[in-house]
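Number of protein chains: 2
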Amino acid sequence: MAFFLSGSAETISLLLEMLLVFASAKLLGEISERIGQPAVVGELIAGVVIGPSVLGWVKPNEFLSVFSELGVLFLLFQVGLELKDFKLMRVGWDALAIAILGVVVPLILGRQIMIAVGNPGVEASFVGAAMVATSVGITAKVLADMGLLTQRASKLILAAAIIDDVLGLIVLAVVSSLAKGSVNYLELGITAVISTAFTVIVAQYGTRAFERIVPRVDSATKNSKSQFFLSILLMFGLSILASRAGVAAIIGAFLAGMALASSVSESTKHETAGVTDFLTPFFLVGIGMRMDLSVFSNPNTLQLCGIIVVAAVVSKLIGCGLGALRLGARDAIRVGVGMVPRGEVGMVVAQIGQSIGVIPKDVFAVVVFMSILTTMIAPVLLKLAYRDLMSKERSDGRLSHSEIV
Amino acid sequence: MAFFLSGSAETISLLLEMLLVFASAKLLGEISERIGQPAVVGELIAGVVIGPSVLGWVKPNEFLSVFSELGVLFLLFQVGLELKDFKLMRVGWDALAIAILGVVVPLILGRQIMIAVGNPGVEASFVGAAMVATSVGITAKVLADMGLLTQRASKLILAAAIIDDVLGLIVLAVVSSLAKGSVNYLELGITAVISTAFTVIVAQYGTRAFERIVPRVDSATKNSKSQFFLSILLMFGLSILASRAGVAAIIGAFLAGMALASSVSESTKHETAGVTDFLTPFFLVGIGMRMDLSVFSNPNTLQLCGIIVVAAVVSKLIGCGLGALRLGARDAIRVGVGMVPRGEVGMVVAQIGQSIGVIPKDVFAVVVFMSILTTMIAPVLLKLAYRDLMSKERSDGRLSHSEIV
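Quick note, the sequences are listed as chains A and B, same order.
Taking this note's numbering, the leading residue of the first sequence gets 62, the next gets one more, and so forth.
Taking this note's numbering, the leading residue of the second sequence gets 62, the next gets one more, and so forth.
Certain hints may be false.
[Said to hold, decoys possible] Among chain B residues calculated to face chain A with C-beta under 7 Å, some are:
#1 L77
#2 F83
#3 K87
#4 F124
#5 V127
#6 E130
#7 Y246
#8 T282
#9 F297
#10 S304
#11 E332
#12 V336
Think of the hints as simulated: they come from the structure by calculation, not from any bench.
Where a beta carbon is used, it is the ideal one built from N, C-alpha and C, also for glycine.
The following block holds chain A by itself, in its conformation from the complex (with noise of 0.2 Å):
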């Protein structure tokens, strides 16, 4: 009897899928801590395993992309909480010189290895614009997982993460505009002074207004729990304004994380936790489960994605580390390996590119490949990175509250 009172038989099918993705995902990320790895790695190889191209017990549907979008974003929004005493305008030169050597090396590496290899210019540029964009959130993740995102390097990837997908919007659509034929640069203009404006002045006063705004809100209601609702509030309207202004959703989540840090109590950190480790390992297992392993079976194409994998690392690494030399070697090179991945954001311009027709459908599946192998490294690289800061810095800006409570 398929009767079900409270929950529909589709929810109950969704209900194993979600729990397929949570337990996989714990169970893949503990294996991955257990032989001194970031759990994130097992999180996203959880995806990979359950997902169509091995055992196909999941596929990706339109449920899952909903919880793994809002897992980001409280994945980001959740790292902005932790920021204390971050002011993302002190470290803005730094973080517009990493940001943009780092879209400009990938970008035209990119480009120039796919048009040596025979691609179409048009092609070429689209998959340079999609090594552009850094996907912060596993950087983020990871770093927050290791209690170092209080770290000088961190908080300039953090920063640079920023203007690197401002510039990467700029840049899939300058690319997209080419590709449609004409690029209307008064309007591309608009976008980028109206994103820029949006981004300075809530990362600039968003924490004062909230200093004067928690407390008030505090008296003026009944409710106990009237501080959580009132972040989960700021942070869906600051994504949803966010994407208004031309930036990404992701972007105002974190910069909503960031104006409430100093003001809202911990316990309502530890609250909003929940919320955020329930959500992202959708975000991550939905990445993995996006994994196309048939790119194996054509050697050119396995060919083309071990040298574009390649250039996505060592673009970001020079292109940022570049950035960041001025700081010294060893934050020049975690800063490079923490804009290494490009997670949901390159898979987002392939998408793109694909449905405009520029992209086929095997530069696509390479594509998804760097986007989901340069997440996967990253982690691994990231924690031989900042190895040596790990040992004294463990107890700070971490994301879990578990300790404190």
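Following the hints, complete the assembly by docking chain B onto the known chain A.
Relative to chain A, chain B alone:
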């Protein structure tokens, strides 16, 4: 420019809907509390206001439905987590009497009213069946918010609601089978046995099992959040198993919470409360959103609405009250009132009736109206019925952990 590197256009519109649901729930919940009513009433009304019947800002859709269903699962899970020393089986016989009388009286009364106003027997039986099942989530939320979960009457309500749910499923199965032509009593009997066995076994042995399992998981894993992850996994697992065993998924979630109540830390409960507080508004607003005020346009339908709502309230009060009379008049009234809300359960029964063609459109609207109105009336009545207990017990058994942390 509509480029969202992270956050597709659909996600952004979903985020906007989520923001509206969340903001309206918290605003009207706050207003509701200020005029001395439970917040739940305001959150339900928020759904009516932003839904298609009034402002039309948000329409029910499949994504919001998923969040709503997850919301009620986590709500029941959290309620279970709060019940530390609750032996479900100890109140078994009283609960059984309450549940049986609380099923028989509404079923017969609802059926007789519908026949009296000239409806065919099958249709009348379906309306009766829709009047049977209690939506325990609403009552549990109100009692938890008022810190009254651990009262004797509250525990009886929870236990009776579980039995009521099993009985409601059987009634629905019989009525549906009758509508389709034949009843398979053997299949029905097997389902009844399996569902009862599942509930009894988990309720009886769950707590003891996890008092052994949780410390082992704690010491075996490297992750400080393993209790939280285990909780989420058990919640999903038992929800799925429950629905496979013929019980509603929410009962599985509730049993999962109860099984963990005495073994997981307060910090873990606080973290799951974050997920619950995030998702519950989607459940409450989702119910209100389905209110169809067009029933008011037809005087005959309106009259029937009035009669059915009164019958729905009175029949549970009398049925469950009689079952609980042994405990004294006050607790009998509390139990009766606590079983009044029909919430999502009544609506699902009506939907099934409509899908197999025995419930016409106007009767469907009446049942939905009854489900929502009983859900709004019950919290107000509950607050009155528990008035004398509220002052002394304000600090016990509340859903919120903000004060503990």
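Structure-based check of all given hints:
1. L77: At 6 Å from the nearest chain A Cβ, B/L77 passes the 7 Å test, so the hint holds.
2. F83: 6 Å, holds
3. K87: 5 Å, holds
4. F124: B/F124 check passes; min Cβ-Cβ to chain A is 6 Å, inside 7 Å.
5. V127: 6 Å, holds
6. E130: 5 Å, holds
7. Y246: This hint is violated: B/Y246 lies away from chain A, its Cβ roughly 13 Å from the closest one there, beyond 7 Å.
8. T282: Hint on B/T282: holds, closest Cβ of chain A at ~6 Å, below 7 Å.
9. F297: Interface hint status for B/F297: holds (4 Å vs cutoff 7 Å).
10. S304: 5 Å, holds
11. E332: 4 Å, holds
12. V336: 5 Å, holds
Of the hints listed earlier, the one the structure fails to meet is number 7.
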